[in-house]
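Peer 1: Listed here are the chains, written in short residue letters.
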Amino acid sequence: NAGVTQTPKFQVLKTGQSMTLQCAQDMNHNSMYWYRQDPGMGLRLIYYSASEGTTDKGEVPNGYNVSRLNKREFSLRLESAAPSQTSVYFCASRRNRGDTGELFFGEGSRLTVL
Amino acid sequence: AQSVTQLGSHVSVSEGALVLLRCNYSSSVPPYLFWYVQYPNQGLQLLLKYTSAATLVKGINGFEAEFKKSETSFHLTKPSAHMSDAAEYFCAVRAIQGAQKLVFGQGTRLTINP
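Protein chains in written order, with my numbering: chain H, 59 to 172; chain S, 46 to 159.
Okay, chain S solo, but in the shape it has when bound (with noise of 0.2 Å):
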């Protein structure tokens, strides 16, 4: 079975800091990741997912993230935050065979002060 923990429900920042989401996954198998993003009163839409060719993956809007076996982690990061970033992320994860399901993370609210 897999399950995602993301650390800290509430991230908040001043524009042009590091931003740093903590996501920790459990898998028995080799999974995939992904991260997810939700602007207000919208879907959810793909950031970048970690399908195991590089453990570095970048995504859109300057994100990427970093897949790490010995840590079982897989944090999203970007080098300097804009007001635009300000929504909730989602950390999810599948098992590389078979599995229909993705399973989601409790999700991190990024607020970025001015």
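The shape of chain H in the complex, shown without the other chains (with noise of 0.2 Å):
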């Protein structure tokens, strides 16, 4: 049982560089979403796809895009990293048509910038 998959786990990166953090699901599941988590701050939402084609800004999307590549994948793309990105990430996904709203997460993705 794969779930929620994400690459990489950890990255380092310098002020100014770029990196793209994965996401995929083998659940079936329309909508995909990304966090990050920050002490003391709980979990912030990044962006999400209601469904395959569509992509919504959430609370903090500045700093970052994302692509739906398909209805497996949903990328979260750092074009010029800053120290304040600096968090861990989680990608989520949810049934959605009729459900409850409960999202199955990743094990999330440790990101350093320097």
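Simulated from the structure, these hints should not be mistaken for lab results.
There could be a bad hint or two in this list.
[What the hints assert, rightly or not] Label-pair distances were calculated between CB atoms; the ranges are:
#: 1; chain 1: S; residue 1: N158; chain 2: H; residue 2: G98; range: 19 to 25 Å
#: 2; chain 1: S; residue 1: T100; chain 2: H; residue 2: Q80; range: 39 to 45 Å
#: 3; chain 1: S; residue 1: P124; chain 2: H; residue 2: S138; range: 48 to 54 Å
On a predicted model such as this, the values are computed, not experimentally measured, just so you know.
Don't be surprised by glycine CBs; every beta carbon is placed ideally from N, CA and C.
Assembling the complex is the task here: the two chains are given apart, and the hints tell you how they should meet.
Peer 2: Following this line, the structure appears as structure tokens:
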């Protein structure tokens, strides 16, 4: 049972470098989400994709871009990394279509920007 | 709009003692409510959810929560703490109708003392 898979699990970047976090789900879910987790701030939504072909901004989208590549995959790109983007990033998916809104999470990607 | 407040960023209890983690929500429409647990260096997993059926909800690992509309609360309890319960706990809310986004509280770190 793979569920939601994120890569890489750890990454260290220098300020100004770019990188893409990959996320894939094998549950045939319609919606996918990217959150960041910072101490004392809980989880904050960066971007989400309600269905294949659509993306929308969340609470903290600045400095990020996303691509819903197909139904399974939803990537998060940092074009020019900044120290403020040091965080743990979580991808999540949701079945949608009459569900209760429960999210299924990946194990996280820990990013450090120096 | 929905919001969640978790009272107490850190809670410490002795092994065998009652666990009480507090969550208050704000929602202009009937909500779905969730508790998630995050063990160190892992993703979030669903502990339990309220979906407008029974107001007392039982979850995994002996946890339960009671929905109290008059108090706008959804506190999490466990009668007897175990060392393995040490983790971070997140309360989350979503409007029943139409909302794509799950809004999380700031989290409560639970420590169990031997």
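Peer 1: Decide, hint by hint, whether the structure agrees.
Peer 2: Here's how the hints hold up against the structure:
1. S:N158 with H:G98: 19 to 25 Å: 22 Å, holds
2. S:T100 with H:Q80: 39 to 45 Å: 41 Å, holds
3. S:P124 with H:S138: 48 to 54 Å: 51 Å, holds
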